[in-house]
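J.: The chain contents come next:
Number of protein chains: 2
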Amino acid sequence: MKIIESNRAPNPRRVRIFLAEKSVDIPFEQIDLGKLDHKRPEFCEFNPMKQVPVLILDDGTCIAETVAICRYIEGIKPEPRLFGEGPLEQAKIEMWNRRLEFGLFFRVAQIFRHLHPAMKDMEVPQVSAWAEANRPRVYDMLSLIDGELADREFMAGDRYTIADITALVATDFMKPAKLARPPELVNFARWYDAVSARPSATA
Amino acid sequence: MKIIESNRAPNPRRVRIFLAEKSVDIPFEQIDLGKLDHKRPEFCEFNPMKQVPVLILDDGTCIAETVAICRYIEGIKPEPRLFGEGPLEQAKIEMWNRRLEFGLFFRVAQIFRHLHPAMKDMEVPQVSAWAEANRPRVYDMLSLIDGELADREFMAGDRYTIADITALVATDFMKPAKLARPPELVNFARWYDAVSARPSATA
Numbered sequence: 033m034k035i036i037e038s039n040r041a042p043n044p045r046r047v048r049i050f051l052a053e054k055s056v057d058i059p060f061e062q063i064d065l066g067k068l069d070h071k072r073p074e075f076c077e078f079n080p081m082k083q084v085p086v087l088i089l090d091d092g093t094c095i096a097e098t099v100a101i102c103r104y105i106e107g108i109k110p111e112p113r114l115f116g117e118g119p120l121e122q123a124k125i126e127m128w129n130r131r132l133e134f135g136l137f138f139r140v141a142q143i144f145r146h147l148h149p150a151m152k153d154m155e156v157p158q159v160s161a162w163a164e165a166n167r168p169r170v171y172d173m174l175s176l177i178d179g180e181l182a183d184r185e186f187m188a189g190d191r192y193t194i195a196d197i198t199a200l201v202a203t204d205f206m207k208p209a210k211l212a213r214p215p216e217l218v219n220f221a222r223w224y225d226a227v228s229a230r231p232s233a234t235a
Numbered sequence: 033m034k035i036i037e038s039n040r041a042p043n044p045r046r047v048r049i050f051l052a053e054k055s056v057d058i059p060f061e062q063i064d065l066g067k068l069d070h071k072r073p074e075f076c077e078f079n080p081m082k083q084v085p086v087l088i089l090d091d092g093t094c095i096a097e098t099v100a101i102c103r104y105i106e107g108i109k110p111e112p113r114l115f116g117e118g119p120l121e122q123a124k125i126e127m128w129n130r131r132l133e134f135g136l137f138f139r140v141a142q143i144f145r146h147l148h149p150a151m152k153d154m155e156v157p158q159v160s161a162w163a164e165a166n167r168p169r170v171y172d173m174l175s176l177i178d179g180e181l182a183d184r185e186f187m188a189g190d191r192y193t194i195a196d197i198t199a200l201v202a203t204d205f206m207k208p209a210k211l212a213r214p215p216e217l218v219n220f221a222r223w224y225d226a227v228s229a230r231p232s233a234t235a
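For the record, the sequence lines run as chains A and B. All residue numbers for the first sequence refer to the numbering used here, where the first residue is 33 and numbers rise by one. All residue numbers for the second sequence refer to the numbering used here, where the first residue is 33 and numbers rise by one.
If you're looking for bench data, these hints aren't it; they were derived computationally from the structure. Owing to the predicted nature of the structure, the values given are computational and were not obtained by experimental measurement. Take the hints with a grain of salt, since some may be wrong.
The list cannot tell twin chains apart, which means a pair is met if one copy fits it or any two copies do.
Derived lysine to aspartate or glutamate pairs resembling EDC-like cross-links, with alpha carbons at most 16 Å apart [as the list claims (entries may be wrong)]: (1) K71 - E121; (2) K34 - D90; (3) K82 - D172; (4) K71 - D172; (5) K82 - D153; (6) K67 - D153; (7) K207 - D183; (8) K71 - D183; (9) K34 - D91; (10) K210 - E185; (11) K34 - D204; (12) K82 - D64; (13) K109 - D57.
Isolated chain A, as found in the complex (with noise of 0.2 Å):
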């Protein structure tokens, strides 16, 4: 198994985050966004979607999409549930990973994507308007999530989840977006220095 990734990206950390997170060790071979590997032929051939990152199994399977890569991990090697036990459970979390996918990492993405420079080439066309379009919606996100973490510990109850990472390494990219984090949000901030304290962070 390998995993082909560029590790400055978002989505590829949310993978090393999940494999440390489960003390899975694959190793990684790094291709350069920023020269278009991603949208070479042979790259295509292991994810027609042009998107890092993509596990390879042994007999040359792809497994790409960053949900579907740690949905495999977690058959494969199920503990520590990171998408829960049980149909309740694992509904709650797909649930609060899915409100953070399309509520804040791809609202972020959307103003990093059509407003840096640096995306020029990769975002065609950029269309800033898009990008203030989802500016409020930012921040109505960190609010709501605000008041949920009021009660919980946890974005999908009181463990760490797949939900975590995904808020995380959305969070991280508020940074390159320049979008400021409302230090008024006390519970998000108590969240997030926990989350980021934990090992996987770094990976």
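Use these hints to put chain B onto chain A, whose structure you have.
T.: Relative to the frame of chain A, chain B by itself:
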């Protein structure tokens, strides 16, 4: 159990098709998105993301997010396995479901939401340049799918899965988004005719 939904919206349709394929019967309660019922405080108690559908369990627990609802149903009634069986098949189905969500469903939705006059109170601001940026990507994705379907019967392999439901609902959503299906994509047309002919398609 009950599901709060709006029977003209695409995400509720994904859940209805899923339930029909599972032969699971859950009562539906309608809200009117045109009257912005989903933004009222009573509904936000069920889902602070202000989206339908929401599954409400007998103890009042709310599960939102289409795929989280479907996964809960799969958990309580596993057969037929619309999310697959075993780590590898489950990962492949998750991969294709996500590719179809982000690469097709989401892009069609953006075109509809940012161009259609009926959406002007729901998508604020409408950014027509963002809709147009998605248009060629829809057709790129349909071509990619057509190539994939040359070698297999369904979206994620040789059986019908949640990925087919996502793709069917996205394809039918092209009509209100005023996107034509390219007639030269014959594998895609064969797949579309087959999944549309299943009794679940009219659920």
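J.: Evaluate each hint against the coordinates.
T.: We went through each hint and held it up to the structure:
1. For the identical chains of this complex, K71 and E121 are neighbours neither inside a copy (38 Å) nor across copies (27 Å), given an alpha-carbon limit of 16 Å.
2. In this assembly of identical chains, K34 and D90 lie within 16 Å of each other by CA distance solely inside one copy; the values are 8 Å within and 45 Å between copies.
3. Taking the shortest Cα distances, K82 and D172 sit within 16 Å of each other only across copies (12 Å), while inside one copy they are farther apart (31 Å).
4. In this assembly of identical chains, K71 and D172 lie within 16 Å of each other by CA distance solely across copies; the values are 14 Å between and 34 Å within a copy.
5. In this assembly of identical chains, the alpha carbons of K82 and D153 lie at most 16 Å apart only when taken from the same copy (14 Å versus 35 Å across copies).
6. In the homo-oligomer, the alpha carbons of K67 and D153 lie at most 16 Å apart inside one protomer (10 Å), although the nearest pairing across protomers, at 41 Å, exceeds that limit.
7. In this assembly of identical chains, the alpha carbons of K207 and D183 never lie at most 16 Å apart, being 27 Å within a copy and 43 Å across copies at closest.
8. In the homo-oligomer, the alpha carbons of K71 and D183 never lie at most 16 Å apart, since the shortest distance is 44 Å inside one protomer and 23 Å across protomers.
9. Within a single copy, K34 and D91 get their C-alpha atoms as close as 11 Å, which meets the 16 Å cut-off; across copies the closest is 44 Å, which misses it.
10. For the identical chains of this complex, K210 and E185 are neighbours neither inside a copy (27 Å) nor across copies (45 Å), given an alpha-carbon limit of 16 Å.
11. Taking CA atoms no more than 16 Å apart as the test, K34 paired with D204 passes in neither setting, with 26 Å inside one copy and 38 Å between copies.
12. Taking the shortest Cα distances, K82 and D64 sit within 16 Å of each other inside one copy (12 Å), while across copies they are farther apart (39 Å).
13. In the homo-oligomer, the alpha carbons of K109 and D57 lie at most 16 Å apart inside one protomer (12 Å), although the nearest pairing across protomers, at 34 Å, exceeds that limit.
Comparing the model with each numbered hint stated earlier shows that hints 1, 7, 8, 10, 11 do not hold.
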